[in-house]
Each structure stands twice: as C-alpha cells, then as structure tokens.
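As a plain string of letters, each chain reads:
Number of protein chains: 2
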Amino acid sequence: MLTHEPTKQDIIEAHKRIKHLIYFTPIFSSRTLNSIFECKIFFKCENFQRSGSFKFRGACNAVLSLNKGEWRKGVATHSSGNHAAALALAAKLKNMNAYVVMPKTAPQIKKTAAESYGAKITYCDATIQSREETLAQVVVDTGAAFVHPYDNYSIIAGQATCAREILEEITDLDFLIAPVSGGGLISGTSLSVKYFAPRTRIIGAEPKGADDAYRSMKEGSIQPSENPQTICDGLQAQLSRRTFPIIQTNVSEIITVDDTSTITAMRMIWERMKIIVEPSAAITLGTIIENKRRFKGKRIGLILSGGNADLEKLPWQ
Amino acid sequence: MLTHEPTKQDIIEAHKRIKHLIYFTPIFSSRTLNSIFECKIFFKCENFQRSGSFKFRGACNAVLSLNKGEWRKGVATHSSGNHAAALALAAKLKNMNAYVVMPKTAPQIKKTAAESYGAKITYCDATIQSREETLAQVVVDTGAAFVHPYDNYSIIAGQATCAREILEEITDLDFLIAPVSGGGLISGTSLSVKYFAPRTRIIGAEPKGADDAYRSMKEGSIQPSENPQTICDGLQAQLSRRTFPIIQTNVSEIITVDDTSTITAMRMIWERMKIIVEPSAAITLGTIIENKRRFKGKRIGLILSGGNADLEKLPWQ
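Sequence lines, in order, name chains A and B. Under this note's numbering, the first residue of the first sequence is numbered 237, with each subsequent residue one higher. Under this note's numbering, the first residue of the second sequence is numbered 237, with each subsequent residue one higher.
Heads up, some of the hints might be wrong.
Same chains, same names: a pair is fine if it fits in one copy or spans any two.
[Said to hold, decoys possible] The list that follows gives simulated cross-link-like pairs (lysine-lysine, DSSO-like), each with its CA atoms no further than 30 Å apart:
| hint | residue 1 | residue 2 |
| --- | --- | --- |
| 1 | Lys528 | Lys328 |
| 2 | Lys532 | Lys252 |
| 3 | Lys328 | Lys454 |
| 4 | Lys309 | Lys252 |
| 5 | Lys276 | Lys255 |
| 6 | Lys304 | Lys330 |
| 7 | Lys444 | Lys549 |
| 8 | Lys276 | Lys330 |
| 9 | Lys549 | Lys340 |
| 10 | Lys276 | Lys304 |
| 11 | Lys255 | Lys244 |
| 12 | Lys347 | Lys528 |
| 13 | Lys534 | Lys454 |
| 14 | Lys532 | Lys328 |
To be clear, the hints were calculated from the coordinates, so they are not data collected in a lab.
Same shape as in the complex, but just chain A:
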C-alpha cells in the first residue's frame, strides 16, 4: 500500500488499477434544482457505485495493492457501515476474507450489506476506543491486513478517482463540494482538484452537530469528534494524521450544515431527481440551501457519496 501522500501519478494509477471493478458513475443534473437555486449543479452519483457508496473505490485500490502474503490472510477494518460493505465486496471479488468491526448502532441496511458480501462481522460499542480495541484483537486473531477507512494513502488515492472522473467530464467548475467525516473522500478530492483543475475551489460539507473538521481547520490541529449528534450516520468520524494535512493545505473551507437543511436536501433529491441518497450525501446540497446567495450563478459539483439510506425510517416521517 502507498506510504506517501498520493501524487498525480498515484491517482492516475489507482484509477487504472480499479477501473475493471468500479462503475464510472453518471453525473446528473436537474432543471428544477438549477432553477430553484439559480446555479448549475452537477451531481456525481456515487450512490450508484458498487456497494452503494464511493468507499468501494478506496477499498478496491487498497485490496489490489496488497502483496501475496497479505492476500492470503485477508483484510480487516472498523467502519460504521459503508467502508465495511465496500471492503467486504472488494475482498469477495478477490476471494479474500474480510473481517469487519462495526458499532452495534450502525444502520441495519449497512449491517445487512456487509453481511451479504460475506464479511465476518464483530460488533463493538459506538465509541472510537471500542472500535479500535476490538479491531486490534481481530487483527491479532486473524493476521489480516488492517485497511483503515480513511487514514491510509491507498484509500485516499482510491477516493480521489471520483473527483478525477468529475473533472474529466465537467470543466470550469467554480466549486466542488464533498462531505467530510474522517477525511478520506475530501482529502482525495482536494488532491484531484489540485492536480486536474487547480482553479476549482474545494469545500467540505459537515454536519453542525459533528463539526470537528470545521473546528480543526480553525484551530490548526485535529479536534476530536465527541458525542456527534447528526442524522448523517456516515459523518461522525474525526480527521486523522494522514487526512488532516492534505485537507489543511488544499480545502478552501468547511461549511457546516444543520440537519434540517440536510433533510430538506435529501427529500428534494429523492422527489425531484428520483434517486436515493443517504443523509451523508444529501448534506452537500444542504450547503447550497443554507448559502443560496453565495452560490448563485456558479457551476458546482456535488459528490453524492452514497445511497445506503434506511428505507424503514425516512427522516421526514
């Protein structure tokens, strides 16, 4: 796996490495939403990505970067959901074992997804400490290679391929907005923007109730995510040693979004675009809802990071 911050060449190679496994997801636009927000929005539909989220890109790049010895012992990770399913699917496609530590509180759809791809799941408590301790034990027991959900340069290079696809298809974006959790997607995205479209500004979208990245940027050091309160179940992790410096250097700004705007955004996307996105993806449109004037007249890319919404309980019901 990569041991340095991904270069332009690393991202190009990651894309080549994974392209037989991933989908090149479509970019949608909506006349209605463009007219409501008076700007031009390009939605990169990673909700259609295999395993239901962009996480599959990084997982594939990590799995395909293992050496033969590692391959035999499999991969292990902790994840609240999408990375778990993604790594399980990537491992399955390569006939490897995947050991996954998930918090008991993870949404049912994400548990089921990881299971359906054959992951061997160990449940833990919903704290970072419990995750890490449980995972350490799993790694000792199995000898599997730990693939961190975001604090891993191969993961970051894999996630960067999403923005690369956007920038190859859509030119002259004023802004590219991606959600922020542990920073794997936003750091990779910001590298792709730096290498392939340096005039585009990159913005992170983060829940107001889990604003550790916003605080970290302000303080200049990683701030903990303590007791996050948000409907965005995928955006509760905190930045890491590898993601934070990339974000600090390349991301223009973190915009925090109220859950009510995220729910409005989610419903708009479902109703107007007829596609299913999870709250952690809809938050990108939430930034525009809360800052309409600022984005007026602009060309904006939004990464709809995933579609694994719980269909049993919709947030507007």
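Chain A is already provided as a structure; the job is to place chain B on it using the hints.
Relative to the frame of chain A, chain B by itself:
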C-alpha cells in the same frame, strides 16, 4: 393530431417532434438483480423523464400536433396523476393553458406536481363517469382541446418513442415488458417493437386486482375496470377503442401480478438500484419475480414508467 394507428414513420416523426423537450432517459442494469433472477434485465428509466413519467412523451407529441387555433384555447384532460402533470408541463413549455380533471383520491404528489406546472385543476369523484362528466363541462367552459390520456393516436405515437429508444440502444431483447392501464404505453410499445425489433416479444404487466386488460385479451373485447383494488394507482384505467385493437394484434401476453410482488419489486429497485420508482413501474419487475423460471437466461427490457411515488407512505412500512 393523428387520426390513424401510428405507422413506423409516425413514430419516427413523433420522436423528432418531441426530442428537444424530452429526456433520452438512461437504461440501467444491476449485477445484483441479474444474479438474483438469472437473466439480463435492462431498465429503461422513465422515472427520470421530465414530469416524472413516460407520459411526458405523449403529452408533448399531442401538444406539438395542435393547430394554431387550438393552441390559443389550451388543452384539457382527466387523469389520476401522471398524464395530468405531463400535459401541464408540456402546455407550460408552449405557453398554453392546461385544464385538468383529477379524482380527489389521486396521490398528493401527483396533485402537487400538476399544480406546480401551472395546471388549472378541477377535482372529481374517483369514477370514470364522474371524470368524463366533469371534463365535458370543463371543455364546454373553456373551449380547450381534449387530450385523452391514452385513447388518442398522437399520445400513442409519443409513448412509442420510449420503446424506440430502448430498441436503438439494446439489441436482441427476448422480451420487452411494460405496465398496462388504459393501454397508451403498451400499445405504442408494441408498435415500436413490431416496426423496429419484430423478434422481441412484448408483454403487459397488470395488477391482479385490476386485471381488465387480461380479461379483455381472453374475451376478445374490452372488459370494464370495475372497482380496481391495487397499490398501483396509475394502473386502474381500462382499455379503449384505439388502444385495444393494437394490443390485441401486437402484444403476446398480459401477465397479472400480485401487489405483494409489486411491493417486493419496488423495494428491490429502491434498495439495490438506488432509484425511486412508483408501484405502477415496479410491477414490471414483479412479473419476473412471479415467473422466475420462465425468464431465466433471457434478455429482458423493462419500462420503469414513472417515479412519482408518495414519499409520505411507503408500501412496506
């Protein structure tokens, strides 16, 4: 408007006429669903069509076929929902008035859609008699041209353009399956198949609780749709003088589907494909759920006719 059964040339011309207004909707496939059903399914995503359903194709063709005098007085129709919204949008784009008679019981999302496109709505009771009487009065009052939701050759030619797009993109389909209500979509589809891919068999999908088309094919004459009981709110009309003969000649078979299979199909499409389809569209996959063995190994096109599902009450909740 057309006064004869659409010819090949009529369909080609309809497509030319409307192509600056409609979306050429994408065709999706799903590895998971292909593997579950052991066949190759091509989903034509008319849920992404403008106004949220294929109905926009016919409505555009009808509106663009009016003469100048008719244009000034506007168009009128009765519809349980999707045709109303489609006609309203088509009229709006051409700066015409649209008068719409809708049953009070139509789903809220469909009422709201028609309103949002500027339709002037008159509500009626949920019977065919009430619809027709209310409409007759509206036509007398306004002088608007009546655009029947399906018993109209311009509408049929417009709906036929959907299958034409499928057959241009996907070759060698064994089956093409479309939902059946009043027969506008299935009759147009069957004509396109006859003209553009005569070896493909065309199947209609109809709710068991509203099986008038199935009975009509069996009896050889139009059977009434009396007290239909189904979750498919868009599939409750009955065949007509213009649609029935086309269907009788060109459709291989009507397959009736239990609502429970339609609900299963709808959930599968939402969960696995991350797109929103309404029950009347999901029924096409319901035919495969109920006849898995028969469709095994085949190449099957399904028309996902619309995406205007009511997000307040999901059928599996």
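Now for the hints, and whether the structure bears them out:
For the identical chains of this complex, Lys528 and Lys328 are inter-copy neighbours only, at 26 Å across copies versus 43 Å inside a copy, given an alpha-carbon limit of 30 Å. In the homo-oligomer, the alpha carbons of Lys532 and Lys252 never lie at most 30 Å apart, since the shortest distance is 36 Å inside one protomer and 34 Å across protomers. In this assembly of identical chains, the alpha carbons of Lys328 and Lys454 never lie at most 30 Å apart, being 41 Å within a copy and 49 Å across copies at closest. For the identical chains of this complex, Lys309 and Lys252 are intra-copy neighbours only, at 25 Å inside a copy versus 59 Å across copies, given an alpha-carbon limit of 30 Å.
When the C-alpha separation of Lys276 and Lys255 is checked against a cutoff of 30 Å, the pair qualifies both within a copy, at 28 Å, and between copies, at 22 Å. Taking CA atoms no more than 30 Å apart as the test, Lys304 paired with Lys330 passes inside one copy only; the shortest distance there is 12 Å, against 64 Å between copies. Taking the shortest alpha-carbon separations for Lys444 and Lys549, both the intra-copy value of 22 Å and the inter-copy value of 29 Å come in at or below 30 Å. In this homomeric assembly, Lys276 and Lys330 come within 30 Å of each other (Cα to Cα) only across copies, at 24 Å, whereas the closest approach inside a single copy is 40 Å.
For the identical chains of this complex, Lys549 and Lys340 are neighbours both inside a copy (18 Å) and across copies (28 Å), given an alpha-carbon limit of 30 Å. Taking the closest pair of Cα atoms, Lys276 and Lys304 never come within 30 Å of each other, the shortest separation being 47 Å inside a single copy and 35 Å across copies. Taking CA atoms no more than 30 Å apart as the test, Lys255 paired with Lys244 passes inside one copy only; the shortest distance there is 17 Å, against 41 Å between copies. In this homomeric assembly, Lys347 and Lys528 come within 30 Å of each other (Cα to Cα) only across copies, at 28 Å, whereas the closest approach inside a single copy is 36 Å.
Taking identical chains as interchangeable, the C-alpha atoms of Lys534 and Lys454 lie at most 30 Å apart only when both belong to the same chain, with a minimum of 26 Å there against 58 Å between chains. Taking the shortest Cα distances, Lys532 and Lys328 sit within 30 Å of each other only across copies (25 Å), while inside one copy they are farther apart (45 Å).
In this structure, the earlier hints numbered 2, 3 and 10 are contradicted, and the remaining ones agree with it.
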